[in-house]
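Chains as they are written, first to last, in the working numbering: chain A, 1 to 246; chain B, 1 to 242.
If you are wondering where the hints come from, they were derived from the structure by calculation, not from laboratory data.
Treat the hints with care, since some could be wrong.
To be verified - Below, in silico cross-link-like pairs of lysine-lysine (BS3-like), each with a Cα-Cα straight-line distance of 25 Å or less:
#1 A:Lys47 with B:Lys130
#2 A:Lys47 with B:Lys11
#3 B:Lys120 with A:Lys53
#4 A:Lys47 with B:Lys45
#5 A:Lys47 with B:Lys18
#6 A:Lys47 with B:Lys120
#7 B:Lys130 with B:Lys120
To be verified - What follows is a set of in silico ranges between Cβ atoms, one per label pair, in the way DEER data are often shown:
#8 A:Lys246 with B:Thr240: 23 to 31 Å
#9 A:Met223 with B:Glu62: 45 to 53 Å
#10 B:Gly107 with A:Phe49: 28 to 36 Å
#11 B:Asn208 with A:Phe49: 29 to 37 Å
Stated by the list, open to error - Sample of chain B residues with no beta-carbon within 10 Å of chain A, all distances over it, derived:
#12 Pro49
#13 Ala56
#14 Ile81
#15 Met114
#16 Asn172
Even glycine gets a Cβ: it sits at the ideal position worked out from N, Cα and C.
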Amino acid sequence: RVSSDGKPPKFQPPPKPVIIDRKTQKEDKRFLSPEFIPPRGRTDPLKYFIERKDMIQRRKVFNIPEFYVGHVLAVTTAEPHASTKSQRFVGICIQRGGKGLGATFVLRNVIEDQGVEICYELYSPRIQAIEVLKLEKRLDENLMYLRDALPEYSTFDVNMRPVPRMAHEEIPVNKLQVRMKPKPWSKRWERPKYNIKGIKFELPEHKMKAAQKWSQPWLEFDMLREYDTSKIEAKIRKELSEELEK
Amino acid sequence: MMPIWTKSGEKRAVTLLKVQDCHVLRYVSKEESGGKTAKLLVGGKNVSPFSKPESAHEIFKEAGVPRKQKVSTFNVTDDAIIKPGTPLYAAHFRPGQFVDVTAKTVGKGFQGVMKRWGFKGQPASHGQTKTHRRPGAISTNKAAKVYRGKKMPGKMGNIYRTSFGLKVWRINTKHDIIYVNGSVPGHTNCLVKVRDSKLPTYKDCNKNPPFPTFFADGDEELPEDLFDEEIFQFTDPSVTFT
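One chain only, chain A, in its complex shape (with noise of 0.2 Å):
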């Protein structure tokens, strides 16, 4: 290159870089129902495809909120015993679980000093309302440490009102910590692989350094694990807005 002095050009560092990271621009917040994503398996996808046409056809006739565990749920089921032959039940969704038509959400309440917890189908036909009276989102997915907690954690009032939610906000993560009945629990709660943090341990200190032990920290690098459901999550919400619209 010729200059224009005759000394030799300024050196001029290459431009820096600029990282656009796709990724998370481009991921879609919105809603998507658990039981909609198929399991990693063999199967063949007509399957999943089949029962998802059954559960939007359910779903266009019968409303099934947005809900997420630790949202306060009032469910009204038919039940051929009871006078009024309807029953409802308020409680906080402690799980959901299941896949396809199966699927199903736990919900637990203090009754009179009594435990109660009741696993619902979300499409059986039997359920003919469910009305999200909290929206509330907890610092775990799992809400079964509950059982071990004090009842206050999960007593809620029957005749509760359903709390008014502003237009489309985000869902407010409840950061409380539970505390816990003296031990023992049903499960060693505090040990890795349940991965909870809602709890407030008031254990001493070797015990929490000792659940430590069963600790497995090459889970997350281990790559057969890894189940990527991005894409099959955009095409089943693109299926999912098309056939609600009809």
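Keeping the supplied structure of chain A fixed, place chain B upon it in accordance with the hints.
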């Protein structure tokens, strides 16, 4: 497998069976086969023709059909004979019918006597020396031999077994899927033989089945889904009791 609900709100488990490229391959007359009835050879699921020699392709060439993975025989009466080469569909069955399903069970490999035959084994402690899952005695002193057919360890599974009297709840004519009550032998995506039930209780259950079979080029136009009367369809509102 999938759950379905009846109109009274009870839940039943259902297996989905897909009818994939089924064609009638050959008609074998009563005298030829030496049995009591005529037979029809039916093949299912198309497969590549390159993994078998030409001699094995004769049946398929006669019927004008690609090579099938599984060929099974059905005993048929003389008025139900179908021309070789006709395709068979899921609409051959109707909801409310009862059906027998045959398939090869899941292979478990070489298994011990406790898993294979359900023997009780021996206690875990109280002085047992190296004997916890063994068969124990295999014969008596007087017999002085071991009888044929003695239950012993061996290869378990991968044999043909039938589930009898399964009700057909629903048929999807668009994708050729039969919804059959309960479970069926075999692993997921295995090949299965479906037959009208031979149980005496279900002898008169078929009210008006498509006879000899459902022909796709006929005049009958079936809806996409055929349901049984008792099944709860998702287009209906929720169940209420009065």
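| Which numbered conditions among the earlier hints are violated in the structure presented, ordered from lowest to highest? | 1, 3, 6, 16
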